[in-house]
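Visitor: Could you put the whole structure together from the sequences, leaning on the hints where they help?
2 protein chains.
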Amino acid sequence: MNLILLSENDFTRENCVQLQGRRLKHVMEIHRASVGDRLSVGLLNGPLGKGTITTLTPDSVTLELHFDQQPPVPLPVTLILALPRPKMLKRVLMASSSMGVKRMFLINSFRVEKSFWKSPLLRKERIDEFLSLGLEQAKDTVVPEVLQRPLFKPFVEDELPAVIKDTLALVAHPTSLHPCPRDTKKHVTLAIGPEGGFIPYEIEKLAAIGFMPVSLGQRPLRVETVVPALLSKLF
Amino acid sequence: MNLILLSENDFTRENCVQLQGRRLKHVMEIHRASVGDRLSVGLLNGPLGKGTITTLTPDSVTLELHFDQQPPVPLPVTLILALPRPKMLKRVLMASSSMGVKRMFLINSFRVEKSFWKSPLLRKERIDEFLSLGLEQAKDTVVPEVLQRPLFKPFVEDELPAVIKDTLALVAHPTSLHPCPRDTKKHVTLAIGPEGGFIPYEIEKLAAIGFMPVSLGQRPLRVETVVPALLSKLF
Numbered sequence: 000m001n002l003i004l005l006s007e008n009d010f011t012r013e014n015c016v017q018l019q020g021r022r023l024k025h026v027m028e029i030h031r032a033s034v035g036d037r038l039s040v041g042l043l044n045g046p047l048g049k050g051t052i053t054t055l056t057p058d059s060v061t062l063e064l065h066f067d068q069q070p071p072v073p074l075p076v077t078l079i080l081a082l083p084r085p086k087m088l089k090r091v092l093m094a095s096s097s098m099g100v101k102r103m104f105l106i107n108s109f110r111v112e113k114s115f116w117k118s119p120l121l122r123k124e125r126i127d128e129f130l131s132l133g134l135e136q137a138k139d140t141v142v143p144e145v146l147q148r149p150l151f152k153p154f155v156e157d158e159l160p161a162v163i164k165d166t167l168a169l170v171a172h173p174t175s176l177h178p179c180p181r182d183t184k185k186h187v188t189l190a191i192g193p194e195g196g197f198i199p200y201e202i203e204k205l206a207a208i209g210f211m212p213v214s215l216g217q218r219p220l221r222v223e224t225v226v227p228a229l230l231s232k233l234f
Numbered sequence: 000m001n002l003i004l005l006s007e008n009d010f011t012r013e014n015c016v017q018l019q020g021r022r023l024k025h026v027m028e029i030h031r032a033s034v035g036d037r038l039s040v041g042l043l044n045g046p047l048g049k050g051t052i053t054t055l056t057p058d059s060v061t062l063e064l065h066f067d068q069q070p071p072v073p074l075p076v077t078l079i080l081a082l083p084r085p086k087m088l089k090r091v092l093m094a095s096s097s098m099g100v101k102r103m104f105l106i107n108s109f110r111v112e113k114s115f116w117k118s119p120l121l122r123k124e125r126i127d128e129f130l131s132l133g134l135e136q137a138k139d140t141v142v143p144e145v146l147q148r149p150l151f152k153p154f155v156e157d158e159l160p161a162v163i164k165d166t167l168a169l170v171a172h173p174t175s176l177h178p179c180p181r182d183t184k185k186h187v188t189l190a191i192g193p194e195g196g197f198i199p200y201e202i203e204k205l206a207a208i209g210f211m212p213v214s215l216g217q218r219p220l221r222v223e224t225v226v227p228a229l230l231s232k233l234f
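Same order as they appear, the protein sequences are chains C and Y.
Just so you know, we're using numbering that gives the first Met the number 0 here: the first sequence kicks off at 0 and counts up by one.
Just so you know, we're using numbering that gives the first Met the number 0 here: the second sequence kicks off at 0 and counts up by one.
I should point out that these hints are in silico values taken from the structure, not numbers from a laboratory.
This one's a predicted model, so the numbers in the text were calculated from it and none came from an experiment.
C-beta: ideal position from N, C-alpha, C; glycine also.
Careful: at least some of the hints might be erroneous.
What follows is a set of in silico ranges between Cβ atoms, one per label pair, in the way DEER data are often shown [claimed, not checked]:
#1 Y:Lys164 with C:Leu146: 46 to 56 Å
#2 Y:Lys164 with C:Glu112: 46 to 56 Å
#3 C:Arg125 with Y:Ser39: 54 to 64 Å
#4 C:Gln17 with Y:Trp116: 37 to 47 Å
#5 Y:Ser59 with C:Asn8: 53 to 63 Å
#6 C:Arg110 with Y:Pro57: 25 to 35 Å
#7 C:Lys86 with Y:Arg31: 20 to 30 Å
#8 C:Phe10 with Y:Asp157: 53 to 63 Å
#9 C:Ser33 with Y:Glu7: 56 to 66 Å
#10 C:Gly209 with Y:Lys184: 25 to 35 Å
Computed footprint of chain C on chain Y; a stretch qualifies when at least three of its residues, placed anywhere within it, have a C-beta under 8 Å from a C-beta of chain C [stated by the list, open to error]:
#11 96-110
#12 133-141
Chain C regions said to be covered by chain Y (calculated; three or more residues, Cβ under 8 Å) [as the list claims (entries may be wrong)]:
#13 83-97
#14 136-146
Guide: What follows is the structure, given as structure tokens:
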């Protein structure tokens, strides 16, 4: 937690918040902070600044706020991700959020196990929790939008053409002979398949609406490794 | 497991292995394979090829081997990593191994908790297990060398100058104004600090022997995210 994320509910009056729970624990155990200390804070979907501790008890901490910065620039990317297995989903959401992705679609694919769609981790409050961990890591406040699309074909045919309009549409495909472009100045729509990759039918459907298959090299990588690797290569 | 890794101990005669345990389970439950199926195999620190199943029982699987490929090219990098917390160490070793890192030093730093050095995950057999998971993922066979250096100053002063000789020596430092170079054609020595970063004294010590501090941007990232991001940017 490099930043304490605040929401409107935390305010007791203008420029003053009172925190309990996980954030209090962090202030006491990690910062080992005391009254007068200044900590990095950010308002959810708002500015960044400092919070000065005015009271600290075992039950709550009160901070007097001063906001003076805007959140960091987002990555110009829309991520289309075949739903990963739940324990990997958590790490991929955190990593994507920390790197500045602001829009993601979690989609179905032939190699996504049906049971993954029933995971309790897909509830909005759990997803927001993982995204917030990424924001706290990266000192960002702008919560990414994560959309779930459990049907591949209607998503690709009916919704995706509008999503990729005016963007460079790429699909990660380890056997492609096109290397992933570097340092692109464009807005990118980046599709990443499940473990084992998209099946040929899915690659064809994506290619048919304008996706270019690109590769990072001959090594198949895990989704949690390939997401930061591709984002870092592209931007 | 995109590749079944074999060691000399698995051989019953020339070009024939018998497997039990985790690899048998994988053949039966993930591949759902039967006699006659051909699976990707690799000999530890040796060539890749195919194994044809000749017998399959609940107790063991026998494969007839044919090797015909060399392992993928390694990344020209030496990774110097402040020892991460144990659960992160596992993922970082897997990711580094899957991306083709062949030499790593796990080093101490002011912000590395002392208890991390006592973790049972630092035993050679556990480290080799995590490295092998990365090799199986990336269809590689060449086991990386992982060296542990629990004293920062003697390592940097006495050993590191020889390590970085004829390489581009970079240290990841979020506040540096130099962006991380892209697509370098050089052999790189890449140092990555702990959560919270190297302290100024450590950056100075590294800079004094020739390390250039470089940054991936203003977002502090977790070690497990920054390792694939930096490797992908560099190569």
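Visitor: Please go over all the hints and tell whether each is borne out by the structure.
Guide: Status of each hint after checking the structure:
1. Y:Lys164 with C:Leu146: 46 to 56 Å: holds (51 Å)
2. Y:Lys164 with C:Glu112: 46 to 56 Å: This hint holds: roughly 49 Å between Cβ atoms.
3. C:Arg125 with Y:Ser39: 54 to 64 Å: Given a distance of about 36 Å, which is not inside 54 to 64 Å, the answer is violated.
4. C:Gln17 with Y:Trp116: 37 to 47 Å: holds (39 Å)
5. Y:Ser59 with C:Asn8: 53 to 63 Å: Once the Cβ atoms are compared, 59 Å apart, the range 53 to 63 Å for Asn8 (chain C) and Ser59 (chain Y) holds.
6. C:Arg110 with Y:Pro57: 25 to 35 Å: holds (27 Å)
7. C:Lys86 with Y:Arg31: 20 to 30 Å: For Arg31 (chain Y) against Lys86 (chain C), whose Cβ atoms are near 23 Å apart, the range 20 to 30 Å holds.
8. C:Phe10 with Y:Asp157: 53 to 63 Å: Given range 53 to 63 Å: holds, Cβ gap about 55 Å.
9. C:Ser33 with Y:Glu7: 56 to 66 Å: holds (60 Å)
10. C:Gly209 with Y:Lys184: 25 to 35 Å: holds (33 Å)
11. 96-110: holds (count 3)
12. 133-141: holds (count 4)
13. 83-97: holds (count 4)
14. 136-146: holds (count 4)
Going down the numbered hints, you'll see the structure goes against just number 3.
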